[in-house]
Amino acid sequence: MNALEITDLYKEFAGVPAVKGLSFAIPEGEIFGLLGPNGAGKSTTINMVAGVVKIGQGQVQAFGYDNQKDYRHTRRLLGVVHQEIVIDNFFTIEQALEIHSGYYGVKDDPAWRNLLIDRLGLRPHLGKIMIKLSGGMKRRFMIAKALIHRPRLLILDEPTAGVDVELRHGLWDFVREMNKKGTTILLTTHYLEEAEQMCDRIGIMHHGEMIALEPTHDLVRKLSNRRLKLWLEEPLAGLPPGLEEYAPSVEHGGTVLVLNLPVGGSAGIMLKHLCRSGLNIRDFETDQSGLEEVFIQLTGMGGGKNGTTA
Amino acid sequence: MVPQPDNRFYAWLPFVTLLRKEILRFRRVSTQTLLAPIVTASLYLFVFGATLGNRLTVLEGFSYAQFVIPGLIIMGVINNSFANTSSSLFMSRYLGGIVDLLVTPVTPPQFIMAYTLAAMLRGLLVGSVVLLISFLFATLPWEYPLLAALMAMIASFLFAQFGLIAAIYAHNFDTLSVYTNFMILPLIYLGGVFYPISILPAPWSSLSYLNPLFYLIDGFRHAIIGVGDTSFAIAFGVSATIAAILFAWAAWLIGKGYRLRS
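The listed protein sequences derive, respectively, from chains A and B. Counted from 1, the first sequence has number 249 at position 219 by the working numbering; the numbering is strictly sequential. Counted from 1, the second sequence has number 168 at position 156 by the working numbering; the numbering is strictly sequential.
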């Protein structure tokens with residue numbers, strides 16, 4: 031069964047389309063990453079799924095239920111961690127979790143509540159009202175809040191934006207754990223490396239449309255370049271003949287030769303060409319561009335490795 | 013070991029929880045939501061009850077304190093019922109907390125009734141304390157106490173709806189304050205809290221009948237002291253009709269998600 035099925039979803043704001051006929055499905059048990067540059071329509075899509083934004087056209091189904099006709103049912107099945115920190119300043123962590131459980135028609139379960147509190151490291155802050163919590167603690171609370179009614183699909187809209195590395199790792203570990211226990215995950219993240227490590231499949235949105243949707247490994251393999259870096263015994267005087275198709279370039283005064291294996295190209299054939307070239311190779315190194323390069327390639331967005339966001 | 017999920021859904025629980033949360037909210041800031049209006053009303057009672065109350069007469073057979081106390085009680089009910097829904101919902105919209113509710117299975121009728129009952133409770137609580145304090149200044153005849161309670165409930169219900177509507181239409185704190193300072197306050201003061209409208213010269217006397225708050229104030233006072241500027245039936249009928257219209261309006265806005273869901 032699909033945890034989420036989106037069909038021909040369309041939304042515009044003030045006449046400007048934000049999501050244009052989007053269709054995709056997430057099978058139960060998957061970790062799915064929805065990526066795209068700012069303004070691609072990811073949050074609008076997520077908010078239509080969650081019920082915060084009205085659907086323009088199209089249909090959203092969660093576990094086979096329509097999220098407009100059967101909204102009481104579908105909303106119980108979803109847990110949403112919003113991009114912005116949303117808290118109620120008047121209450122303590124425990125009070126707020128109890129309240130959120132009740133909003134979903136689920137009786138407070140102290141054992142589950144305490145497990146979330148402990149697992150997310152909120153225990154030392156139980157007595158504080160929300161406004162006194164640090165940004166990181168508020169983020170952790172947001173995850174606990176989204177899980178308090180035991181949703182079957184957890185939606186995380188950039189849950190780690192602006193949080194430190196340790197907390198990010200902790201949160202993703204917890205998300206993986208929830209996934210192993212059967213919770214389907216839909217996430218967007220600012221950090222493409224995280225998406226590459228976390229997600230079973232990735233969809234890339236651009237200008238309100240899905241421009242790529244594949245298993246993460248396939249997407250990266252299919253669209254990324256693999257590079258072979260060769261350290262030579264003697265510096266090259268010029269580019270060696272017979273290797274032109276690998277877009278060769280030299281570095282370090284001719285002592286390093288870099289070859290690029292084209293998308294879909296055979297590594298075996300490249301090695302044969304290399305043997306024929308007669309180069310005297312001292313050492314070699316291979317690398318493969320990651321999701322970030324794929325993302326830039328697909329969306330046409332430039333920027334440095336650290337500057338790219340999804 | 014993660015406990016097994018409890019899949020039971022209690023349909024009434026979202027409503028009870030939202031109501032409880034709204035009550036907790038105003039209790040958390042009770043200095044502002046309960047104590048401050050009670051102190052203000054007490055000052056009115058002191059000025060009009062202890063000082064001027066025995067020297068003025070605006071209605072034959074009643075001291076001024078007896079005349080003004082019902083008006084002050086209903087003023088407390090009105091102001092606080094309005095303030096509760098308007099500030100709570102507007103703050104939720106303004107700070108973004110409303111999305112926490114929008115993603116839950118809380119239905120529009122549960123939403124509106126939870127906000128309304130919490131606002132009614134706060135308004136009636138303030139009105140009751142003002143009533144208790146008023147015992148220090150005058151003895152009221154209490155002609156029809158049940159009808160007085162009914163009018164107070166209609167007043168709190170009506171202004172809870174108005175508060176919801178104002179919170180939805182308000183763009184910022186400034187526009188929200190317009191409802192309080194330029195609508196409710198003048199209408200209360202001109203609606204006969206401090207004087208019977210029959211003593212006003214024409215055309216002000218006739219114009220006062222267009223003030224919807226006049227019917228709430230006059231109906232409540234009528235039920236307590238047994239006389240009013242208009243019949244109780246008319247006061248009740250007009251107030252109940254306005255309350256029903258505002259309820260329908262608020263329910264339509266919330267059902268549609270107007271300015272709540274984009």
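Misleading hints may appear alongside valid ones.
Unchecked claim - Derived list of chain B stretches under chain A, where covered just means 3 residues or more per stretch with a C-beta under 8 Å from a C-beta of chain A:
id	region
1	30-42
2	109-120
Claimed, not checked - In silico DSSO-like links for lysine-lysine, alpha-carbon gap of 30 Å or less:
id	chain 1	residue 1	chain 2	residue 2
3	A	302	B	268
4	A	84	B	268
5	B	268	A	137
6	A	210	A	162
7	B	268	A	211
8	A	137	A	158
9	A	99	A	158
10	A	158	A	168
11	A	99	A	211
12	A	99	A	50
13	A	211	A	168
14	A	168	A	210
Everything labelled a hint here was simulated from the structure, so no lab data went into it. Note that this is a predicted model, so its numbers are computed, not measured. Note that beta-carbon positions come from the ideal geometry of N, C-alpha and C, so glycine has one too.
For each hint given before, does the structure comply? Return the numbers of the non-compliant ones in rising order. The structure breaks hints 3, 6, 7 and 9; every other hint is satisfied.
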